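J.: These protein sequence lines map, in sequence, to chains U and P. Each residue of the first sequence is one higher than the one before, starting from 3 at the first, in the numbering used here. Each residue of the second sequence is one higher than the one before, starting from 3 at the first, in the numbering used here.
Any given hint might turn out to be false.
Identical chains blur together in the list; that is why a pair holds if it fits in one copy or across any two.
Straight line, CA to CA, 25 Å or less: simulated DSS-like cross-link-like pairs of lysine-lysine [as the list claims (entries may be wrong)]:
no.	residue 1	residue 2
1	306	85
2	4	186
3	399	4
4	86	306
No lab work stands behind these hints, which were simulated from the structure alone. Just so it is clear, the structure is predicted and the values come from calculations on it, not from any experiment.
There are 2 protein chains.
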Amino acid sequence: MKSDLDGLMQARNLDALLVTGPGRHNPAMVYLTGGANLSEAELIKKRGAEPVLFYNLMEREEAALTGLETKNLGDYHLEFLIKKFDGDLAKALAARYQNMLADLSIRSGRVGIYGISDPGSAYAVFSELSKAAPGLELVGEPETSVLLEAMRTKDEAEVARIRRMGQITVEVVAATVDFVSTHKVRDRVLIGPEGSPLTVADVKSRINLWLAERGAENPEGTIFAVASEAAVPHSMGRDADFLRTGVPIVFDIFPCEAGGGYFYDLTRTWCLGYAPDEVYAVYKDVLDVYNQIVQELRPGELCKNYQQRACELFERRGHMTVRNDASARQGYVHGLGHGVGLNIHERPSFAGHAGEDDHFVPGVVFTIEPGLYYPELNLGVRLENTFWMRPDGQFEKLVDFPMDLVLPLE
Amino acid sequence: MKSDLDGLMQARNLDALLVTGPGRHNPAMVYLTGGANLSEAELIKKRGAEPVLFYNLMEREEAALTGLETKNLGDYHLEFLIKKFDGDLAKALAARYQNMLADLSIRSGRVGIYGISDPGSAYAVFSELSKAAPGLELVGEPETSVLLEAMRTKDEAEVARIRRMGQITVEVVAATVDFVSTHKVRDRVLIGPEGSPLTVADVKSRINLWLAERGAENPEGTIFAVASEAAVPHSMGRDADFLRTGVPIVFDIFPCEAGGGYFYDLTRTWCLGYAPDEVYAVYKDVLDVYNQIVQELRPGELCKNYQQRACELFERRGHMTVRNDASARQGYVHGLGHGVGLNIHERPSFAGHAGEDDHFVPGVVFTIEPGLYYPELNLGVRLENTFWMRPDGQFEKLVDFPMDLVLPLE
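Chain U on its own, in the form it takes in the complex (with noise of 0.2 Å):
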């Protein structure tokens, strides 16, 4: 947790932390400040220190509300610079971040870099900055970041801002509920009011509605996907497909904070009316998975054990895993579940080179999604729910919501 930063940078000896970008939608930024509407800003941390956030001149008020120590980037001068180099921007804003560590007393030792930037403009400036100031080595951490790894646990306050966002999701879920029980059926299609069915985009627009209500959103869409679409795991779904009774719909909801804050993540399969024998057949397959990985979570174990846990249960219930075969398209095809903080996925890992010594230490928050899908029977079933280990040891799914298949109609 970020009280582990400066652990953490030392374990990997960075000296500094520079991050770059936008105030909102950028985690590094926003783990480090808290969140501000900064259209742009400059943050270095120093090993030990607290960081200083260096802000433009017209954003001075918004930077000020972080209560960091500021300073104005205007005081280092880039038009004056540019014209010292002839008009070359990328030198002119090396010298600018030469002089922006300088008077932080860095002027030498390692520089992580993070945050969000054009990556040509960030290879070209880096590029410049380490010519200008060979004392300095400027670290970028493309596998997890020393911010993702301290973000690989949250403190109870984080806890508090996930749980929110779940409690929010679930209350649009809810509410997607009552709004869609409430449609009469015409040939198997749901329709609405007005006598025309209702579609995926009717739907969607009210859960978008439903966020902005209560402080949410959702950056990243919202998968609500019908039949063929809900057995292709990351289809959003498509605007125009019709609601019909008796076909499986995946509905995979994660918000965040207004602004780019803490996400939630939560997935129900429903169908509606009633669930044809070989849907609930698959459903209860995923469930029974779900059950018996949320009944086997260990203080301790390696995170990835369950992905293979995972794949062993549905084996054994007669499906292809990604194990038999990494790129399967049928059966179970994805990962057992992921980490939930200011990214929708971070730390800790359940599969794939990064994070493969992840394991359940208090204070993880991760969450729990097996799934099936067969394209060529227009079939996909998803459950997930997000849980933090807390600081007893204990696992402890941040909010509830039933996850009944069939969704009954009035």
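Mind docking chain P on chain U? Use the hints.
T.: Frame of chain U; chain P shown alone:
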């Protein structure tokens, strides 16, 4: 505009463009794909050829919706490359880029790099690519990229999307007027039906809702700034502030298409119920300068000349301007306008080093937004509309809305 891109690449001697990052809220990617729900993608455009979109397997359906040629990133075997380079992800990603470029027969030449990424990762990965493929010259364009240069002018389809956002914007501003004006007043403070004071947070949550209902979002927030906050050009407004009669409010709203598409930008300044003489006098100066500037817009003229002209007009009325003092905090303290498109601020530019040769040509879409700020008087006024220079040389305000200072209460 987009059809100029190959010519602009030729002029900059760029053989290919490489765009990385998410499919949404990533102007370079949205520009070349039209916008796609991809969490992460890579796109390569050779000069004279259509772009090729590289997707992650789980997002193949979303990638296909773009209509572009697509390739599966899975076919480039990142896990194998990570092992080959002993776990060095930067080297592995560099090798993958090298293979992707080679598949499009790009083994030498100048490759521009754009999009959104972690700056440290970009620095690390492209430094490795540069070492591994010395025949490639990797180009960062921190000033005005070839894509921003193309975006400087819009085709009619783009203007239609911006105008549509303008229509949504004025609907939401009209709804705000209706909402605010029906409140009662007690001791000069607006009071809701339950007797509690109306706050900036109340107004903003309605604005978010009305935007969401219309398929828009405001990823950069909305400025609704009262009194002393209005006197700071880019304060977003304080959530807890009350709305009071006779006190200026700067309302600057700049939503974009949901998912991160085209923006619109509009500002009004209101006094509720009545306007004190000193507020009206400042408003009148801003309105007069606005009207004078709009009247003087001419095809072919340099944009920056209008910033000079605005300074001249304000100085003639006795106000300080950024021309007298670049760090001024009172008077006319910012630029006159900016281009609007997939970025809320883009070319053409009215001030600063970049875009100093920008002039009014067919297809530019831009704001005109003079303002005056007097922090010691708790007073700020800004008025803004968005314009398009049409192919016939006429300047057209994209949508209309009254610019009155006083917002009468019912």
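J.: Treating 25 Å as the Cα threshold, decide for residue 399 and residue 4: within, between, both or neither.
T.: Only inside one copy: residue 399 and residue 4 sit 23 Å apart there, 49 Å across copies, limit 25 Å.
J.: When no copy is named, should residue 4 and residue 186 be tagged within, between, both, or neither for a Cα gap of at most 25 Å?
T.: neither (51 Å within a copy, 46 Å between copies)
J.: When no copy is specified for residue 86 and residue 306, does a C-alpha distance of 25 Å or less occur within a copy, between copies, both, or neither?
T.: between (54 Å within a copy, 22 Å between copies)
J.: Indicate which option fits the pair residue 306, residue 85 if close means a Cα-Cα distance not exceeding 25 Å: within, between, both or neither.
T.: between (54 Å within a copy, 18 Å between copies)
Violated hint: 2 only; the structure is consistent with all others.
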